[in-house]
Amino acid sequence: MQAEILDIGSSRGDPDADDAISALYAEHALGLTRLALIMVGDRETAEDVVQEAFLGLHRRYHRLRHPDNALVYLRSAVLNAARSVLRRHRLPSFFARAYEPPVWSAESAAMLGAERRAVLEALHRLPRRQREALVLRYYAELSEEETARVMGVSRGTVKSTTHRALAALGRLLQERDR
Amino acid sequence: MTEVNVRDIIERLRDATSAAGETITEVPPLRLPDPRPRPWLTPLAAAAAVVLAIAGGVAVYRAGFGEHAAPAHGVAALPRFFAHVAGTDVVVRSSDSGREVGRLAAPSGREWYAHVAAAGDNRTFYAATEARDCRPRLYRFTVGEGGRVTAPQALPYGPPPGVMVTSLAVSGDGSTLAYGLQSCDPAAAAGRITVADTATGRTREWRGDRLVTGLSLSEDGRYLAFREAGLLVVVKDGTPRTVVPAPADDPPPQVDADPDPAETDVTSRPDPAAEDPALPVDADPAPAEAEPSPQATPGKPTPSASPERSSEKSPGKSSETSPKPSARATASPAPSGAPSPVRPGETETVPEPTPTASVVRPEAPITPDPTDPPVRDSYAGGADGLPYPASPAPEPAVTAVAGDVRFVRVPDGRARVLDTTTEPGDLSRSRAITLTGSWGDVVCGVVISPDGRRLYAGVGFRREAATAGVAEFDAATGEPVRHLARGEQGLLCLVDGDGGGTHFLVRRGAEYGVVAGSGGYRTLAAVGDEPRSAAAW
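Same order as they appear, the protein sequences are chains A and B. Residue numbering for the first sequence follows this note's numbering, starting at 7 and increasing by one per position. Residue numbering for the second sequence follows this note's numbering, starting at 7 and increasing by one per position.
It should be emphasised that the hints constitute simulated quantities derived from the structure, not laboratory data. Here the structure is a predicted model, which means the values were calculated and not measured. Yeah, the Cβ is synthetic: ideal placement off N, Cα and C, and Gly gets one too. Each hint should be verified, as a subset may be incorrect.
[Stated by the list, open to error] Interface residues of chain A toward chain B, partial, derived using beta-carbon atoms under 8 Å:
1. R69
2. L126
3. R131
So that you can see chain A by itself, here it is in the shape it has in the complex:
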């Protein structure tokens, strides 16, 4: 590895990297797990997804050009892993099926109520990119620019995708409300 990309040193066996990643985990694990939960529907899978994302970061920490990229990386990894999970479970996801994912179904049903479940269910009926754009923009509160980096698309794409997604979500909810 060359110095130019070694802003933060090699991770393997590098205590600094371990510390840096541990600090990132302390700060962002909860938020990322919640993000993962919204994407995959159950807590256990969400925790696994986040754990995997951090391990992935650990493996390539030394390749990050800048520490700020770590969070972008983690969010991308979470979304990617969520995609794999959903694909494995056959879309539509748990939300769309019954909104009663294996782990937190019972409580969630009680805690969230019908209205919220309906919104989540509709969210999970959207195409993958639209769902990701909405969750990153309005749940994670990322800017269009940040959302674009996480999704690996242009800012214009985020804008148009978000626009279409809101319209689609509106239609789905309207059908239900009717």
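Got chain A; can you put chain B on it based on the hints?
Okay, now just chain B, sitting in the frame of chain A:
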């Protein structure tokens, strides 16, 4: 939708997602891997100290230049498992016993496994398929301690429709996946390489004007070694005819491939003596080859171009089980067709092209049928039409078959190294390293070292099997450094490294074996039929 509606929807969305998120209030502790380097991270420098346990001693192989390698005892842990493509499946075997411990059956009758790659932990494997509809997919599977193979998971990213995967590699740390692609149009001679981050699925792509194959990644995925290959169109009809190399690309050929013609029947290569420029050898250069050349005697090899195949996998096979005859190759820049793979057992539906003088273009898609007999059965001598004295001939990869026409991918005698941290785009910005020369005129399989500084290759002289072996080269200068193993029983085709530079998976004749960094060869498993280079550990 009105503005109010939009705001309302956003509000409902925030409310629902926040409420869902807040059902989680704490997370489990982070479990980072043990900081101690894993065994497979053993630095190259330590490799020399490692000895391979060789059961019965294999005196045939010598380490270094002529010294006898003492068969060793004990020690160095071999990767526990290795996987290889067999027919349409992936078979996982124990390195100790050579026994099959698990198998992934082809995903469907229309999609079958063609490539396999292993991360350095020897537990995480990736596989790529070929499909009749030309929509290849990538899969990941793991092998447990006891050898239990998990069900493969299709990756959410992968090649676009309309292409075939030519080679698959994963970095030792598992962070990076790289795959070579070529159009399903069997006559297309361009290639591209996609490098994917396995965690995010983000991909970057490099393109070149030659086919690519034999991918190998360094430990951290930064350096990618690959080989370029020429496209050869071979027409079976009794008399081999012309070989035309693919579009000319690179400048003159590097040597490599040229073997000597001598021996065998000659194909007509232009004079042998000379370096044969005319040889089609790698597709390189010049179209020189347009000349025809070869002919082969029946039954023997035919034409073709170049050399060795690399490690690729090629399942190639021809589809026809039929006679193997001779073939003629045309060069071609031919045309295109669409590919479709032919699957085992099925009949070909491909239209038969009519060979024309120089260009043959199948009209339907074709892909090799994995169950067909290996290429070398049909082309006894290997891609260049020259027979190999020793059994293990590196064969070219047949990528498509239509009637009597075969499209064959033939790697040249060089390797190229790409720094994947550079801007994606043009493959020609990678560095070319010639591996043929004083240690051999045939290259079969190239693997890059974990640190990206060395290249290992199966090399040998076509006419002198005795000198075939696995050699180490400086990845920057191409200088040969040392021979890890040399033997007299035929060419060793290098298939994969173990991530530590200590054990190399090789293919020789009808078996897979291991070569230790300290020298020596041991058979891992005889798999009958021609083993493919589509294997990994």
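Going down the list of hints, with the structure as the test:
no., hint, result
1, R69, "holds (7 Å)"
2, L126, "holds (5 Å)"
3, R131, "violated (13 Å)"
Comparing the model with each numbered hint stated earlier shows that hint 3 is the single one that does not hold.
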